[in-house]
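Chemist: This is what each chain is made of:
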Amino acid sequence: MSEFEPKIVAFFCNWCTFTAADLAGTSRLSYPPNIKIIRVMCSGMVDPKFVLKAFLNGADGVLVGGCWPGDCHYINGNFKARRRVALLTEVLKQYGIDEQRFWLRWIAASEGNMLKEVADLMTAKLKELGPSPLQQMGQMVG
Amino acid sequence: MATFAKLSFNKDELNKELSGFFKGILENGAVDAVLAPMAQGKKGVRLSLITSAASSGAVDPFAPVAAVSGAKIASSLTARPSGRKVAMVLRPCEIRAVVELVKLKQVNLDDVLMIGMDCLGRYENTDFAKFQEQGGTSESFLEKAQAGNTASGDFDVAGACKICEFPAAANVDLRLCAIGSGGGTVHIEAVTEKGQAALEKSGLKIGDNPSGRDEAVKKLVAVRTEAKDKKFAEFRAETNTFQALGEKLSACINCYNCRVACPVCYCKECVFVTDTFRHTGDQFMMWADKGGMLKMPNDTIFYHLTRITHMSLFCVGCGQCTSACPNDIDLMPLFRTSADKTQAKFSYQAGRSVEEEQPMAGFESDELFEVTGQAK
Chain A
1 MSEFEPKIVA FFCNWCTFTA ADLAGTSRLS YPPNIKIIRV MCSGMVDPKF
51 VLKAFLNGAD GVLVGGCWPG DCHYINGNFK ARRRVALLTE VLKQYGIDEQ
101 RFWLRWIAAS EGNMLKEVAD LMTAKLKELG PSPLQQMGQM VG
Chain B
143 MATFAKLSFN KDELNKELSG FFKGILENGA VDAVLAPMAQ GKKGVRLSLI
193 TSAASSGAVD PFAPVAAVSG AKIASSLTAR PSGRKVAMVL RPCEIRAVVE
243 LVKLKQVNLD DVLMIGMDCL GRYENTDFAK FQEQGGTSES FLEKAQAGNT
293 ASGDFDVAGA CKICEFPAAA NVDLRLCAIG SGGGTVHIEA VTEKGQAALE
343 KSGLKIGDNP SGRDEAVKKL VAVRTEAKDK KFAEFRAETN TFQALGEKLS
393 ACINCYNCRV ACPVCYCKEC VFVTDTFRHT GDQFMMWADK GGMLKMPNDT
443 IFYHLTRITH MSLFCVGCGQ CTSACPNDID LMPLFRTSAD KTQAKFSYQA
493 GRSVEEEQPM AGFESDELFE VTGQAK
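Protein sequence lines correspond, in order, to chains A and B. Per my numbering: the first sequence = residues 1 to 142. Per my numbering: the second sequence = residues 143 to 518.
Treat the hints with care, as some may be off.
Said to hold, decoys possible - Only pairs whose alpha carbons sit at most 25 Å apart, straight line, appear in this in silico BS3-like list of lysine-lysine:
(1) 49(A) <-> 245(B)
(2) 7(A) <-> 437(B)
(3) 184(B) <-> 49(A)
Derived from the structure by calculation, the hints contain no laboratory data. These numbers were taken from a predicted model, which means no experiment stands behind them.
Same shape as in the complex, but just chain B (with noise of 0.2 Å):
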């Protein structure tokens, strides 16, 4: 049985209230760091590793924005462990991204203490930029977001948070519950026997399930998912052909700023930089004089569908793609309904758990007959 502290909290003061929780299980040794969401003077909210219980003040991990996917951060920090205890607040997704980077041994989680937030959606950066100017919290976009309404002005959360079914995070040791916790409240439950003894060290008060939590969650995840499937059946129809693909993709610039942004992309050197496409003057001729002409640059579509083929399976629909493409291509949805079918194909989910071996990691000689059509 999963236990609850609540943490209630006057107007203004939910990051006050955290902070203390930060500085609870830093001070008493439960971890030797803290990586979470911070604001960064007063514009701007990023991911800060903090190492003393004095300097975890403007913590804000309900800030509706995430720079960079922490995934990657995680990546940084313990790929190379330094053998301090950290504690991460992360969101669902780039938890889910983190367990694919575990298998991936790009991810090691011995000294780690995971914090998942209860996510309601991220803005793009520069809408955050704008939701901050305008006023926005974490707060005010908590209560909002709950009502069912993320949208600030003209903008709103990022289309993958939209039709993201996982707002609540799994795989983690402690998780920060706002969903159904009511207002001026957040919980904070024990998932595992490391969180719990971190909750027990923080000193707050253990107690007080949120009643309203588990129906609140269910009834999000069904909005959510039913706005996914209605996306994927209009980018289905809609994208069919190469040719309806390639206008889809017609103002990249081969930038890769998708595959850099992308945490589950994981080669440290993409095939796609090397001199596999470092192409000679008469190769490009010999193309274009193939049909007449070639787009410049070329191999647009190919570096798109080399992607998918490499990170489709652990795709976990964080939507870092679009919000990193300089041309506003939506490449969530591209990601997103293929690995929607390679995943389904291999009954594979992607961050559902460490235990589960990534598909092209393994086979059997027992399967996939479909393929050949022949039988032996």
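Bound conformation, chain A alone (with noise of 0.2 Å):
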């Protein structure tokens, strides 16, 4: 049998986290393709709902990434997004999704090492995490 690979559903803010995966790929530094990128404007625009339907449509993480505190281009998206994750990880860790499937990750455009860094990191753990309890469902969810 071949390995589980997670898949990973990737919201990145343009301006830092989505500048840096380009940076990342500029420099020809490979990260996991499990990772699947959604580009948004700001970490303070991924609605709950985004992360709710793609953990119901079967994806193993979820992984937010945003500006640094203090240099969001919308001055504070990114802290309003914290508490947007916080709140959710509250909400989903009673259903067995917990923080470990769901990160929030501060990536600036200049660090596509760092976005190097958290894509293996992320697909590691999620690989030995093993699939979202919600594809065991064996149906859409939702």
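Assembly of the complex is requested from the two constituent chains, each provided in isolation within its own frame, with the hints serving as guidance.
Modeler: And the structure:
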């Protein structure tokens, strides 16, 4: 049997983390293809529904990437994202999705290497954890 | 120091005495209107808006029923204010929801004299009808419930009420006190200056504190808190996976009654009825293809979890969601257990104070470092 390859849905902010992913690419750093990037204007616009839908549709992990505190292009979108992630984590925990599968990380535009590091780490962590408990339900949940 | 007025009543005359009080505050100009539970003919008790003292005869504030959350009515009345002073007689859970709605600018308390009633629980609407058929009255309910027996025949008060740790109302001007008042007596307590002025105008004699009240309230809170902790532990143990959650919600038909009934579901238009969720046939087919089948209507777990992320911080545990479900899904523990966690995370308590900022309405730069685990 082939090794389990986790699917990670990644919401990256246009200004920092997505740019970091670009930098990782142009710097020829290779990071796992498990990360499926969705480019959003700000981590602060990641609606909890996006995250819920990703998990309900079988994502093994969700990664939200935003600018470091103080660097947000929209001044404070990342702080709002942090409260929202904290809230949603409290909700999901009860049903078996905890902070090991749902990450928020600050990655600056200049931190291509850090993007690679986070992608490596999260992929490895999810390989260790195995498929999302929702996949065992054998049908589209929701 | 709070002041009390004692209201003694003969058998079957509790509501007569209370209506005298409301008549007093209407006649003496303390308020222009009273919103209070009122008997509707022989059957049912509903909140009614009374503007004429002569029409206050059928008030029944302690009736163990809340057909809809009064917080929604308070919002209808004051979101676009009339400018007339209104006294609102509401349950503690309704008042706590009002506090949240004030912060969302959906209730305006400028012209409101808030009167909170001691709540020993409410029956489901259909059970209340049975209760009335069996000859039950607010007086008989108060007497039995104070002795710890809220059951009546084959039904009991709503599950939400059994685990509600707020039997006495806070954030009020006046309180209608029944707990620990002794048989044949209720007390009206002035909590604020506004309440004090209204109480004075009502013409009731002020003085005579209910000596057993604090102790009795404390005892009731302890009993209910214990029941709450037990219920939470049970629900959390049996509903700890998405599979189990799906089974809990399997009867859901996406009628959205729970969010219509919810006093703190604050959106004017719910996203689940917008075009965002009006999918094409292709989309459904694609989802069905993915796992070979798709339960329809779909998006039930999605809907409930989304609602939790929206309202759990404001959930006051009134249980109207459970009452509104046409398929008898007991939703209250689902929302309350999440609310318990999310409110604790932000050291927030729904309905505690209008001064307390709603957690999603703000942020600090210096907080929640554990979320990213990155220091800077």
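Chemist: Each hint: holds or not?
Modeler: Tested hints:
Taking the CA atoms of residue 49(A) and residue 245(B), the gap is near 24 Å; set against the 25 Å cutoff, the hint holds. Our distance criterion of 25 Å between C-alpha atoms is met by residue 7(A) and residue 437(B), whose separation comes to about 23 Å. With a C-alpha separation of about 47 Å, the suggested pair residue 184(B) and residue 49(A) falls outside the 25 Å cut-off, and the hint is violated.
The structure does not agree with numbered hint 3 stated previously, though it agrees with all others.
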